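Student: Chains as they are written, first to last, in this note's numbering: chain S, 73 to 329; chain H, 6 to 486.
In case anyone wonders, no lab produced these hints; they're calculated from the structure. Computed from a predicted model, the values in this text were never measured in an experiment. Please note that the accuracy of each hint is not assured.
[Said to hold, decoys possible] Partial selection, computed: residues in chain H whose CB lies under 8 Å from chain S:
#1 K74
#2 G443
#3 I444
#4 S451
#5 I453
#6 G456
[Unchecked claim] Think about it this way: if two alpha-carbon atoms lie no more than 35 Å apart in a straight line, the pair counts; the simulated DSBU-like pairs of lysine-lysine are:
#7 S/K82 to S/K312
#8 S/K238 to H/K430
#9 H/K87 to S/K82
#10 S/K198 to H/K151
Note that CB positions come from ideal geometry on N, CA and C, so glycine has one too.
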Amino acid sequence: MSILEIKNLKASVDGKQILKGINLTVNAGETHAIMGPNGSGKSTLAQILVGRKDYSVEGRVRYDGKDLLDMDVEERAREGIFLAFQYPVEIPGVNSTYFLKAAYNEIRKHRGQPEVDAMEFLTLVKEKMKILELDQSLLNRPVNEGFSGGEKKRNEIFQMAVLDPKLAILDETDSGLDIDALKIVASGVNKLKRADNAQIIITHYQRLLNFIIPDFVHVLFDGRIIRSGGKELALELEEKGYDWIVKHPQAKELVAS
Amino acid sequence: MTTPAETIQQFVDRDYKYGFVTDIESDAVPPGLSEDVIRLISAKKKEPEFMLEWRLKAYRNWLTMTEPKWPNVHYPPIDYQKIIYYSAPKPKKGLNSLDEVDPELLKTFEKLGISLQEQKRLTGVAVDAIVDSVSVATTFQKDLEKLGILFCSFSDAVQKHSELVKKYLGTVVPYNDNYYAALNSAVFSDGSFCFIPKGVRCPMELSTYFRINAANTGQFERTLIIAEEGAYVSYLEGCTAPMRDENQLHAAVVELIALDDAEIKYSTVQNWYPGDREGKGGVFNFVTKRGKCAGRNSRISWTQVETGSAITWKYPSVILQGDHSVGEFYSVALTNNFQQADTGTKMIHIGKNTRSTIISKGISAGRGQNSYRGLVKILKAADGARNYSQCDSLLIGDRCGAHTFPYIEVKNTSAQVEHEASTSKIGEDQIFYCNQRGIATQDAVSMIVNGYCKEVFRHLPMEFAVEAQKLLGVSLEGSVG
Ligand SMILES: Nc1ncnc2c1ncn2[C@@H]1O[C@H](COP(=O)(O)OP(=O)(O)OP(=O)(O)O)[C@@H](O)[C@H]1O
Ligand SMILES: [Mg+2]
Numbered sequence: 073m074s075i076l077e078i079k080n081l082k083a084s085v086d087g088k089q090i091l092k093g094i095n096l097t098v099n100a101g102e103t104h105a106i107m108g109p110n111g112s113g114k115s116t117l118a119q120i121l122v123g124r125k126d127y128s129v130e131g132r133v134r135y136d137g138k139d140l141l142d143m144d145v146e147e148r149a150r151e152g153i154f155l156a157f158q159y160p161v162e163i164p165g166v167n168s169t170y171f172l173k174a175a176y177n178e179i180r181k182h183r184g185q186p187e188v189d190a191m192e193f194l195t196l197v198k199e200k201m202k203i204l205e206l207d208q209s210l211l212n213r214p215v216n217e218g219f220s221g222g223e224k225k226r227n228e229i230f231q232m233a234v235l236d237p238k239l240a241i242l243d244e245t246d247s248g249l250d251i252d253a254l255k256i257v258a259s260g261v262n263k264l265k266r267a268d269n270a271q272i273i274i275t276h277y278q279r280l281l282n283f284i285i286p287d288f289v290h291v292l293f294d295g296r297i298i299r300s301g302g303k304e305l306a307l308e309l310e311e312k313g314y315d316w317i318v319k320h321p322q323a324k325e326l327v328a329s
Numbered sequence: 006m007t008t009p010a011e012t013i014q015q016f017v018d019r020d021y022k023y024g025f026v027t028d029i030e031s032d033a034v035p036p037g038l039s040e041d042v043i044r045l046i047s048a049k050k051k052e053p054e055f056m057l058e059w060r061l062k063a064y065r066n067w068l069t070m071t072e073p074k075w076p077n078v079h080y081p082p083i084d085y086q087k088i089i090y091y092s093a094p095k096p097k098k099g100l101n102s103l104d105e106v107d108p109e110l111l112k113t114f115e116k117l118g119i120s121l122q123e124q125k126r127l128t129g130v131a132v133d134a135i136v137d138s139v140s141v142a143t144t145f146q147k148d149l150e151k152l153g154i155l156f157c158s159f160s161d162a163v164q165k166h167s168e169l170v171k172k173y174l175g176t177v178v179p180y181n182d183n184y185y186a187a188l189n190s191a192v193f194s195d196g197s198f199c200f201i202p203k204g205v206r207c208p209m210e211l212s213t214y215f216r217i218n219a220a221n222t223g224q225f226e227r228t229l230i231i232a233e234e235g236a237y238v239s240y241l242e243g244c245t246a247p248m249r250d251e252n253q254l255h256a257a258v259v260e261l262i263a264l265d266d267a268e269i270k271y272s273t274v275q276n277w278y279p280g281d282r283e284g285k286g287g288v289f290n291f292v293t294k295r296g297k298c299a300g301r302n303s304r305i306s307w308t309q310v311e312t313g314s315a316i317t318w319k320y321p322s323v324i325l326q327g328d329h330s331v332g333e334f335y336s337v338a339l340t341n342n343f344q345q346a347d348t349g350t351k352m353i354h355i356g357k358n359t360r361s362t363i364i365s366k367g368i369s370a371g372r373g374q375n376s377y378r379g380l381v382k383i384l385k386a387a388d389g390a391r392n393y394s395q396c397d398s399l400l401i402g403d404r405c406g407a408h409t410f411p412y413i414e415v416k417n418t419s420a421q422v423e424h425e426a427s428t429s430k431i432g433e434d435q436i437f438y439c440n441q442r443g444i445a446t447q448d449a450v451s452m453i454v455n456g457y458c459k460e461v462f463r464h465l466p467m468e469f470a471v472e473a474q475k476l477l478g479v480s481l482e483g484s485v486g
């Protein structure tokens, strides 16, 4: 069953077109990797899927049978869409655990489930913390405030573990992580994968894909997916660079259209 | 679909819910100020001679003074001859019990969420309720009396405890201290008086609730709190006013005196009418609050949450005279729409090893202007004095302003003074991040603002902290964008 179905998605900001017609279907149980050079539109795609309003958007996106573009940001989140931000935001003064509990309870309320209290939540948090080997002291600090780059990224995946999304979008979660942290985060992401959820992993590096094996790899170039393939596409890219794909006859045709 | 900016706007725009007027007859003197008016006020209150003399001295001094122009606030000139200096709800005969309080007034306070029926009160809080110029009821007086604690209206104190009043009045804020304090000294009508004798820990929160009801009336209350050796008291002050198009003047004076080993905690949640969204009307809140740590090891702390008033001009201060005494100031000041606040504190270190802490959190939204003004003064004899100040400003939207004016004067080389300041903004990015985690904009703003104020709320008594959080939420509705 498809969780996400993107049809001819176009987006522009200040008259500049960034996404020029994206088509992508993600089924339950799948992991998709999106690669592509800087500025090709990967983060823009992620931001539009979670509901950022800065863009004027055309096309259709169905999520879990519903029209995604009609939904508010928080509604999408409560329906199970999660974005691990490329640049996680600091919220001074707001305790991380308190923040995450509020988020968790919003999702429960949305599902008509009773809210959990602080004690129940702590039990859940302790369990999820093990998956990410996260230092508990981070959770007693304000959200992302003063976290190192790597800590912020790891905290995003920790939040994902707690909120248990149906569709997780990871925007360059690997950048800024040292090799040990990368392995821990990747194994965390793998543990969260199930037959009824899906993941979209945005990355520049094939390295991450050694640990999180994607079912599909897509190359985004200048606002379009110019090539899709299996996990071997990432290896090929690493070897030959983007130039090789861009010059490929199939891609030339797409870019010109 | 509403954008975060719109939602935040609605959030800031919620209306002032205390703006109703109680229809009650009042006994007022005609507008204007003169020696005759002062004599009339004093006579109405059947005051002893010394009180009238003091008032007249203050008045004559006031005539020679000019309004301060240094605060970073702007308002049209005040015509002091148009103000009514005395207004009391009728009938105003001496009340023997709460049953004699006008039911209309009881209803007013119920509407404000303050019950004057003792059995309905939150246990542990005694209230002195003041409408316009007079105290209308004081609860739990008898229970407190058993411990030797005096808690009554200032007028009662002048009658019944005139020796104490005479001994302490004006010892912290002299009648000629500043323009508004001099005016207050001349015309003050009522307020609260509180005396905690040696060694007594006051078992309940004492609280005064101020309400301006009558039109064109100035409120000039006077509060005097004395904690003798080893005594402790926690005091709360709350205030509201009806919505009126004209500005109303509130010029209060509060004096605190702590003797050896005594502690006074003074908390305020100020919610005077701030004026409408266009900046029309609202209360001018020009207040002088000062405490004196007269004894060794004494401690005075001011905690304030300032959300109301069109203009706030207020610097609760501590004179640290006793050795090892401690002064604290914790403040949240919020300005929204066209509100202006110039507030802060003065810590005057005189005694040895005196310590002071200043935590100030300014929040500006709409076109609000928020200034922190603080003075830390370490005198020559104050060996080992220490001060820590932290002044933070939070901006919501981009039409508001935050300003910081810290003044530091150090005359003793062993002193340590530390000052930190920061300015931050609730950004669309923060709101978006919260939204993406399923948290709605309104809850996100509340969460961020409350997180920002946490250090101050921690110092408020429990029920007050909850009240303050709610109040901030209401005062901020519609503020981002
Ligand atoms: N709000 C905006 N206003 C103007 N330009 C924008 C905006 N958002 C994105 N862009 C532009 O759109 C293009 C795509 O940006 P995007 O962040 O999606 O790239 P990316 O593929 O994620 O790149 P990177 O690999 O560097 O993260 C860039 O040229 C960027 O400058
Ligand atoms: Mg990006």
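Student: Please flag the earlier hints that this structure goes against, numbers listed from lowest up.
Tutor: Hints 1, 4, 9, 10 are the ones this structure does not satisfy, whereas the remaining hints hold.
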